[in-house]
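Student: Since each chain sits alone in its own frame, please combine them into the complex, following the hints.
Protein chains in written order, with my numbering: chain Z, 1 to 467; chain Y, 468 to 724.
By construction, these hints were calculated from the structure, which means they are not laboratory data. Note that the structure is predicted; figures quoted are calculated from it, not measured. Every residue gets a Cβ at the ideal spot worked out from N, C-alpha and C, and that includes glycine. Among the clues, some could well be false.
As the list claims (entries may be wrong) - Far from chain Y, some chain Z residues (derived; all Cβ distances over 10 Å):
no.	residue
1	K22
2	G40
3	T50
4	E65
5	S103
6	E107
7	L201
8	E266
9	T281
10	A289
11	Q308
12	R315
13	G327
14	G339
15	P354
16	A361
Claimed, not checked - Below, a sample of chain Y positions facing chain Z; criterion: calculated Cβ distance under 10 Å:
no.	residue
17	T474
18	G511
19	E512
20	G516
21	H544
22	A547
23	P548
24	V550
25	R555
26	V563
27	A585
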Amino acid sequence: MTASVSAGEAPTPPVAVPDRPKRVLMKGNEAIAEAAIQAGCDAYFGYPITPQAELLEWMARRMPEEGRVFIQAESELGAINMALGAAATGARVLVSSSSPGMSLMAEAMSYMAGQEVPVVLINVMRGGPGLGSIQPSQSDYFQATKGHGHGDYRVPVLAPASIGEAMDLVATSFELAERYRTPVIMLADGILGQAMEPVELRYRTPERLETPWALTGADGREPRVVRSLHLKPEELEAHNEDLQAKFHRIAGHEVRWTGEQLDDAELVIVAYGTAARVARTAIARARAAGMRVGLFRPITLWPFPEFQLAELSQRVRGMLVVELSAGQMVEDVRLAVEGRCAVGFDGRMGGMVPSPDEVVAALRRLDESERQGTRALKARRPRRHAPLTGPRPVTRAEWHRPPVAGGGPSLGDDVFSPFGDDAWSPEWEQETPPPGVPGSTSGQVPGQADTPVPEPVAPATRNGGRP
Amino acid sequence: MSVDATTPPRVIFERPELLADRSTHYCPGCGHGVVHRLLAEVLGELGLGPRTIAVAPVGCSVFAFDYLEFDWCEAPHGRAPAVATGIRRVRPDAFVLTYQGDGDLAAIGTAEIVHAAARGELITAIFVNNGIYGMTGGQMAPTSLIGQKTTSTPRGREASLAGYPIPMTEMLAILPGVAYAARGSIADPSAIGKTKAMLRRACQAQLAGAGFAIVEVLSNCPVGWGMTPVESIRYLRETVVGTYPLGVLVDRMKKEA
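One chain only, chain Y, in its complex shape (with noise of 0.2 Å):
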């Protein structure tokens, strides 16, 4: 195989424009970077970087805004849906996102997204699902599965003390605002090849002014969970999605086409 030299080498893979190049304060194996990564990627080919305004949540992606390049609200813990219907219906030019983590919005913002869905607000939010209340130091959160332990279940979830995982997205699927509502994964490359076309979609349905959109990532926290990054992957893989089953849970964008 002969390589000519005159041709300049072609790079495959760089850092997405949208994502800083600095390193972050996730803990070793967290999949707050593959999140960010995809975001940036997705963004980034759709050229909505200079129009997006994102909002960011209480919680470890609080900083998201030092990670990823565009303008960037602070809300208060769960409030990020309300945010971003405030910046979404005085500038119906931006493109509006919101950011957070499982604790954010499925337990202290709940009526926050579900009226943000009801309303089909046209933003599309990203929702970073691990189960746990990472950032004040591993305590169970509303998504954490049976039988896990946290520092607050010490035993383990138990359903008759801490009731059950919630199941938000579906829930929110069944709205009529909501233009499209998926779940995917980063625990594998296919899993996170999967995950961005849902983002893509996710940002598409707010581009085609078809409504509310959310797309939850199930990741991993290995330091809250108690497990080398290897281990959190495997156990994301093999037990997590077996609470909160991968794919797409409505699209009433292709109904509609």
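Looking at chain Z on its own, in the form it has when it is part of the complex (with noise of 0.2 Å):
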């Protein structure tokens, strides 16, 4: 597997630059405002928020220039169904917030996505819950790929690393928008958006749909509605297998992903946005040291690079996902690679940014774990999968977990279970986990000691064996 970009069905065609792009240093903020500019955004609503109001700033002062439609709202409910009403026209729209005016847009998200109206929502994210901080981060990735409102839908969701990059992705976002009639987020965070680089003006201004659905007055024609509402359970469960099969579609055609070193890669750093510029650093160090790292980095967050990284998982021991969160990507990863190899994480959360070299120590965890459980695993019976990571501070997924019946890895009796004694059946972890394996919360199918297990097992989960 080499470097690569995939992208959907209809590949967006390189741009024919006469001249050599200018390279200018911009705010991040700015370069995507004026990146929507150039890509022919019609109109933008927004709220002043920490760490985007330059986006706002910047479009106060140009889309006037350009002749254009721009509105401070009210509130974020405010400019979003303001966005709302002028993409219902066929018009190109653009919304930024950070992630507390996100959480105010989600109604709209879900109505958005329900009366198939075609909106570019930025998420310069922020610290949280709550108010939270106004620093970088990464913890809206749920509420970006399985949150928001309510209903049964997906919006892609679109994550540069580096403003350049950014920049492109704004025309990309409105491509998708209106090929799919759907919102779509970019979501950038504190230092995407108020970082300096230098960037090629190098623009891109998608083609212009048929709009067959939009709302122009119903002059010589028949009226139309553009709605989510259906009263009549078969409407609606048509009007959803219809937004289903988009949603595969979308799936289908316009995974994005980059990969970098991965062709002799034994640990790959799984990350996106800000944390994958970290993680470039990290591997580099890495590769210095001797060990043999790659990068994976999604691009698109929904659709999820699952495939690809299945793929991969099949011929690399180890993935370490870092974030700048308390590690919800990860969650993304693990299901991706179903116990194929081990799936450490690595994060710092509420503003703070993990170093290369915390990353770089948290590879070497990883490393030593997984070649530690592996050895402890062939010892006691020949399998490949290992415990996911080495020594560490109780995860949350263990704070869940009742205390195991009959020795395994104990946290304690005094350990908390919200579900009770009776949600974890004791015989998922009868057996106990192999010695020296700190932290291990595998439970073991029981296999011979001696037969080498056929290539390729049976998943392991962090709880395989489970039946």
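Tutor: Following this line, the structure appears as structure tokens:
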């Protein structure tokens, strides 16, 4: 697997730039705003919030210059609903905010998904929960990929790792939004928004598609209604089936990711956005120390590059997920990997950013625990799958797990289980974990010690062997 | 009196072109049908049908798009003025109106209506006030009268517990962005005629680019109020107008002229 970018059915044609594009030093928020203008954004609606305020300010100055629409709304609710209205007429519409504002926009996200209204939202993420901080964070991964409003729907989520890429992905976001008639989220963070980088002024203006659904006034045609309300269950089910078919099309065609130094990698860092920038430095240092480490960087967080990760997991020993959060994308990585290799996590929260050396240390821990686990497992029963991480503080998952009957990685008698003892079947964990596997939480499938288990083996999840 | 058999009969009453030829889902005696008809008449007379993009509320009149034949956009509960703002700004040639109930406009959507009015958005808001949440089964609305029994004020609305009715249109009328604000009613033919004139003026305010316009239409909800249609109309005429006096609250187009 080489470094590659997989795009959708209609990959974006390269831009024909007559002259060499100029490189200028630009702040992320402003570069994104200008890229949106150059991409043909007709209307922008926003509300001040740090760390995205410069985006709004840039639009306040530039949109009227271009004869386009700018409104500073009374709230994020106002902004997103103005966007809904404008986009329902077929206009190209941008909204930006930061985490708490995105929570307010959650309601309209659901409506826009149901009404199939194309709007691009930029979330310059900051730390949460609540008012949190104004420092960079990636703790809105769940919100962007699985959360926001109610109902069965998905929206494409794009995650740039540099200001230049963000400028390009703004145009891609408009393309996706209009091609699939859906809201699209671009997930930046406080660093991408606030940092300045040299960027090439290379802009892209997506082609305008026909909008035979848009509200333009019923002049000489049947009236149109842009709606999500279908009170008859048969109608709503049919509407949902159409939406689901669309989501499957998106999942099939629009997965984007990139990889670096994966050819000989034994360990892979999976990271997006700013975390991937840190990871890249960490990989250089790890390689200098003789570790064979590569980078897998999802560009679309939904659709998630799950098949690509699954493929990769068959030929690497472990993956380290690095995020500026308590560990959100790591859940999707584990789902994709299905226990085929070790998955570790390293992250900081609340606006803290892990240093490359911290990431290298986490790589070493993963490396060591994977080797140890593999040795221990081999001693007991030859199996390639290892416990996932080395000695570490109690994780969230363990906290929710009641003490295991009959030994095992007991957390002590005082561990509180919100699910009660009944929630955990003791038979799942009857076997004690192999010795010398600190922190192992894997119950073991009874296996014969000397008989090699044929590959591929059943996925060893964290609770491998669970019936 | 002789009748000339060669003269074709003169049509003196017909369904407005913009009103769909289908029966509504509204309860017997509901006032929404009257307001729909007035709106269809006014927009038809002004020739605005092909230019109109309307924003539907959440509530009983959420299905207005089934009865009024122009383009409609659905809005989340209370957000119609924001949605209308977005439409009007990117489509300066469109005629944009919101059709909202009292729960939509005076409770959950207060921020949106106040700021649309404050910005002087060129939209026309039709505010149908029947003092109750009809769609959800008759709960208290912010506009319910003191003493009014609803399913959520079973002893009648007490100011000490539930506050006072909001005179929304009076509040909006003081904003300089508001070109026209008036309150009509559907209680009797005379009131209906005056309400139609108000709707026409509110549409003209938008056409003239004068600013935001709102017409509050006092309406009835026989089922929610626990009355027969006749009783509900009497209650509307005799009691509701005591809290919400009828008339034009502001007409800034006049001053400018």
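Student: To test your reading of the hints: which numbers does this structure violate?
Tutor: 6, 17, 18 and 19
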